[in-house]
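Here the protein sequences come in this chain order: A and B.
The first sequence stops at residue 301 when you use my numbering, and every number in between is there.
The second sequence stops at residue 452 when you use my numbering, and every number in between is there.
A portion of the hints provided could be inaccurate.
[As the list claims (entries may be wrong)] SDA-like, lysine to any residue: derived pairs with alpha carbons at most 25 Å apart:
(1) B:LYS93 / A:LEU231
(2) B:LYS58 / A:ALA83
(3) B:LYS58 / A:GLN84
(4) B:LYS415 / A:TYR264
(5) B:LYS304 / A:PRO66
(6) A:LYS67 / B:ASN276
(7) B:LYS304 / A:THR71
(8) B:LYS58 / A:TYR264
(9) B:LYS304 / A:PHE68
(10) B:LYS304 / A:ILE140
(11) B:LYS93 / A:TYR230
[To be verified] Chain A stretches covered by chain B per the calculated footprint, using a threshold of three residues with CB under 8 Å from any CB of chain B:
(12) 111-119
(13) 151-164
[As the list claims (entries may be wrong)] Derived contacts from chain A toward chain B, CB cut-off under 10 Å, selection only:
(14) ILE144
(15) TYR230
(16) ILE235
(17) THR251
FYI, nobody ran anything at the bench for these hints, they're computed from the structure.
Quick caveat: nothing in here was measured; it's all calculated off a predicted structure.
Ideal placement from N, C-alpha and C gives every residue a C-beta, glycine not left out.
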Amino acid sequence: MSAVALGHGIRPARRRVPLAHRVPVTVSRISWYALCTLLAVTMLVPLLWMVSIALKSNDNILQLPPKFFPTSYVWSNFVNGPAQIHFPRLFVNTVIITVVSTAGAVTSSMLAGYALSRLEFKGRKVFFYLFTFAIFVPSIVTIIPIERLFFGMGLINTWIPLILPSFFGNPLFIFLARQFFISVPHSIDESAMMDGASSFRIFRSLMVPLTKPLWITMAILAFQMSWNDYLSPLIYLNSPGRYTLSLGMATFMGTLTSGTTPQYNYYMASNLLYMIPPLLLFFFAQRYFMMGLGSLGLTNK
Amino acid sequence: MRRIKGVVAGAAGALMALGGLTACGSGGSSAVGGGASGGGNTVTLVSWGTNEQINLFKTTLSQFTQKTGIHVNIIQQPSNEYVQKVDAEVLSKTLPDVFWCQNSLEQELGSQGHLYNWSSYMSGKAKGASSTGLAASKFSAGSLDLYRGANGALYGVPNESNTYGVFYNADLFKKAHVPLPTAHWTWPQMIADAKALTGAVSAHKGPGMQTVWSLLESPNGVSFYSVDNGGKPLAEPSSLVGVKKVQVGPKFMQGAALLRNAIKHGWITGPTFTGNTTEAEFINGQVPMVFGGQWIASDFFNAKPKMHWGYAPLPAGTTAQYAPAESNGFCSPSNLKNPLATWKVISWMDAHGFNYAYRRDPIAPIAYLPGSSGYLAGVKAQGGAAGASVEATVRQEINDKDALGTMFLGSWATKAGNTTTGVWNPALAGNKPLAPYVSKWVKAVNSFITGS
Numbered sequence: 001m002s003a004v005a006l007g008h009g010i011r012p013a014r015r016r017v018p019l020a021h022r023v024p025v026t027v028s029r030i031s032w033y034a035l036c037t038l039l040a041v042t043m044l045v046p047l048l049w050m051v052s053i054a055l056k057s058n059d060n061i062l063q064l065p066p067k068f069f070p071t072s073y074v075w076s077n078f079v080n081g082p083a084q085i086h087f088p089r090l091f092v093n094t095v096i097i098t099v100v101s102t103a104g105a106v107t108s109s110m111l112a113g114y115a116l117s118r119l120e121f122k123g124r125k126v127f128f129y130l131f132t133f134a135i136f137v138p139s140i141v142t143i144i145p146i147e148r149l150f151f152g153m154g155l156i157n158t159w160i161p162l163i164l165p166s167f168f169g170n171p172l173f174i175f176l177a178r179q180f181f182i183s184v185p186h187s188i189d190e191s192a193m194m195d196g197a198s199s200f201r202i203f204r205s206l207m208v209p210l211t212k213p214l215w216i217t218m219a220i221l222a223f224q225m226s227w228n229d230y231l232s233p234l235i236y237l238n239s240p241g242r243y244t245l246s247l248g249m250a251t252f253m254g255t256l257t258s259g260t261t262p263q264y265n266y267y268m269a270s271n272l273l274y275m276i277p278p279l280l281l282f283f284f285a286q287r288y289f290m291m292g293l294g295s296l297g298l299t300n301k
Numbered sequence: 001m002r003r004i005k006g007v008v009a010g011a012a013g014a015l016m017a018l019g020g021l022t023a024c025g026s027g028g029s030s031a032v033g034g035g036a037s038g039g040g041n042t043v044t045l046v047s048w049g050t051n052e053q054i055n056l057f058k059t060t061l062s063q064f065t066q067k068t069g070i071h072v073n074i075i076q077q078p079s080n081e082y083v084q085k086v087d088a089e090v091l092s093k094t095l096p097d098v099f100w101c102q103n104s105l106e107q108e109l110g111s112q113g114h115l116y117n118w119s120s121y122m123s124g125k126a127k128g129a130s131s132t133g134l135a136a137s138k139f140s141a142g143s144l145d146l147y148r149g150a151n152g153a154l155y156g157v158p159n160e161s162n163t164y165g166v167f168y169n170a171d172l173f174k175k176a177h178v179p180l181p182t183a184h185w186t187w188p189q190m191i192a193d194a195k196a197l198t199g200a201v202s203a204h205k206g207p208g209m210q211t212v213w214s215l216l217e218s219p220n221g222v223s224f225y226s227v228d229n230g231g232k233p234l235a236e237p238s239s240l241v242g243v244k245k246v247q248v249g250p251k252f253m254q255g256a257a258l259l260r261n262a263i264k265h266g267w268i269t270g271p272t273f274t275g276n277t278t279e280a281e282f283i284n285g286q287v288p289m290v291f292g293g294q295w296i297a298s299d300f301f302n303a304k305p306k307m308h309w310g311y312a313p314l315p316a317g318t319t320a321q322y323a324p325a326e327s328n329g330f331c332s333p334s335n336l337k338n339p340l341a342t343w344k345v346i347s348w349m350d351a352h353g354f355n356y357a358y359r360r361d362p363i364a365p366i367a368y369l370p371g372s373s374g375y376l377a378g379v380k381a382q383g384g385a386a387g388a389s390v391e392a393t394v395r396q397e398i399n400d401k402d403a404l405g406t407m408f409l410g411s412w413a414t415k416a417g418n419t420t421t422g423v424w425n426p427a428l429a430g431n432k433p434l435a436p437y438v439s440k441w442v443k444a445v446n447s448f449i450t451g452s
């Protein structure tokens, strides 16, 4: 018999043991929780610090070293701070503009994405490439020409410049929608067409329910963009009664050529209230948001 | 389920309709646009003031309305991206009747012909102008010149002024056996005090003086040293409007060397120091001296620090003690429909309005000296030696007959600022040789001026 067969002088090949089996479960679990805790702390501490500042009195804000817990809890900051900027009125203004803009952005982008993915027409690919290219155009570049357009139309000091552009589609949303619709099997359209459904009927009755994660994702993103928009309301709105919350929050930040410290306690208190609607929207819709982002890579096989 | 969907759809549709109607309508507060479309007995005034200041302005302007019958619609504009907003209003021809403007913004818009020329009103020649009582002779030295264009037209009326000096922790001075700064302390004394107080706070061990405003270590700041000691200013005229060239002489280089030496030894912070936490550190007794503008005092008063502190003016030289000439202003569009009513509003604010507002919320003195009494009283009323010290220093500087501009005001100013960052700052910080780099800076800035 050969030396190999007897196993003399030759080591048998090692089998690779998976990492999950090499590292003890306890160690891996502790590492995982430690990492999650670190990330959670990084995200939560600024928020908790905002609450801390919001509850402090004027002479407590610039303490050194900074103290997390206020020496006295001034709950009235949550009333007096928002009152300074007429918060309820600005809140209503912002809700109207945001909801209408969100509806416009989602509707127009879904329709455009559906057309690009499902309807055959000349120049379909060219349009798709144009929309994709538009994603990379910085929005700041288009401010002056769009300003001139709206000023020429006499739409200064109205909400139209803030709302109307959303009804012409968002390039990123159109791209997302087109990719999502491609993943939906064509057999669905075909069977609906055989039953006599038009393209719009297919879109409304079949595609919209099937693509719920997509348009909820779009709604969340569109809501955030419109809710936080500062530059457009600044440029187009002149009357304080029409201002949005973003402009109202900016008025806390002090005068222009001096470095006067803002009233941070009022600012943080108002900011916390300002943050609530997008936070609530995300919490209620996060399942669909994750599904929406996760489904983008799927294709119809 | 269908019923719920129907209700939601109905609510969404109603909201969209409401949004559409409100977007198109002209409800709510009246639109701005007094300059282009306003007139009559209503003047629109735009300010970047804080919420508290706006409320105070509203109160004083209601008294003005009772007296004159002129209604003032005051609108608060956020200071963030203020210039962008004004540019949009210029484009849409909706500039308000009168708006707060920085000096640089006024110079830019004035040179482009967008601003109203107040010369005839300031001189009292325009009909009805003299009745308001605003006199050119009662403005602080140099402040009116800041708002004149190269053609001599007055494109703005100065309002809030700034003064500069050194806030000091009196307790740390006493502990270090260093005499407190006086009203006419000198440049060498300031540097010596910073040296003596370096490392004075055992837990901190930092420089004796921190600079939260870049003026002191800038070329314009060193120009103050030069003129204080009998030398030439960096540029002429003293307002720095319409500068034809910059120049440095022996006294200027002496001042630059003095500051460079102090920075190199760590007695004062360098030109790139940002000072984000300086105010908090001063309030908590950790910084002996802070160079900055008088507006910081309001933060110190609000914080109620436990230490004794004061405010000293810009130091004196061997021959003079120049004060800074720097202020914001009121500007109006060139197509102003109601100049007399607007002039009355401006005059009221400068002569009475700020006295009322800044007595209660002291932020800045006013370039129109009779309009500063409210601010000075307000500061003094904050109490103690600190209040008296700030009041005395600000009063001294705004009444100083010798004044020098603090910033370049031309289309080349931005490029000059970039060159200061890239060439001047390393030289003053001690990282590059001083004389060759100052010469390089002068050459570069003069080329910008010539090319503009």
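Results of checking the hints against the structure:
1. Only pairs whose Cα atoms come within 25 Å are accepted, and LYS93 of chain B paired with LEU231 of chain A is accepted, the gap being roughly 19 Å.
2. Between LYS58 of chain B and ALA83 of chain A the CA atoms are separated by roughly 16 Å; this keeps the pair inside 25 Å, and the hint holds.
3. Restraint check for LYS58 of chain B and GLN84 of chain A: satisfied, since their Cα atoms lie roughly 14 Å apart, inside the 25 Å limit.
4. The hinted pair formed by LYS415 of chain B and TYR264 of chain A fails the criterion: a straight-line CA distance of about 34 Å is larger than 25 Å.
5. Simply put, LYS304 of chain B and PRO66 of chain A have alpha-carbon atoms about 16 Å apart, close enough for the 25 Å limit, and the pair holds.
6. A distance of roughly 18 Å separates the Cα atoms of LYS67 of chain A and ASN276 of chain B; the hinted pair therefore holds under the 25 Å criterion.
7. Annotation: proposed proximity of LYS304 of chain B to THR71 of chain A holds, straight-line Cα distance about 15 Å (limit 25 Å).
8. Distance check on the hinted pair: LYS58 of chain B and TYR264 of chain A sit about 23 Å apart at the alpha-carbon level, within 25 Å; holds.
9. For the given pair, LYS304 of chain B sits about 19 Å from PHE68 of chain A by alpha-carbon distance, which is consistent with the 25 Å threshold.
10. Restraint check for LYS304 of chain B and ILE140 of chain A: not satisfied, since their Cα atoms lie roughly 43 Å apart, outside the 25 Å limit.
11. Restraint check: the Cα-Cα separation between LYS93 of chain B and TYR230 of chain A comes to about 21 Å, which is no more than 25 Å; the hinted pair holds.
12. For the region 111-119 of chain A, the stated coverage by chain B is not satisfied: 0 residues place a CB nearer than 8 Å to a CB of that chain, which falls below the threshold of 3.
13. Counting residues of the region 151-164 of chain A whose C-beta sits closer than 8 Å to any C-beta of chain B gives 8, which meets the bar of three, so the coverage hint holds.
14. Evaluation of the ILE144 of chain A hint against chain B yields a held restraint, the C-beta minimum of about 8 Å falling below 10 Å.
15. The interface hint given for TYR230 of chain A is met, as the beta carbon of that residue sits about 7 Å from the closest beta carbon of chain B, less than 10 Å.
16. A least Cβ separation of about 4 Å between ILE235 of chain A and chain B falls short of the 10 Å threshold, and the interface hint therefore holds.
17. A distance limit of 10 Å between C-beta atoms decides the matter here; for THR251 of chain A the minimum to chain B is near 5 Å, and the interface restraint holds.
The earlier numbered hints that this structure contradicts are 4, 10 and 12.
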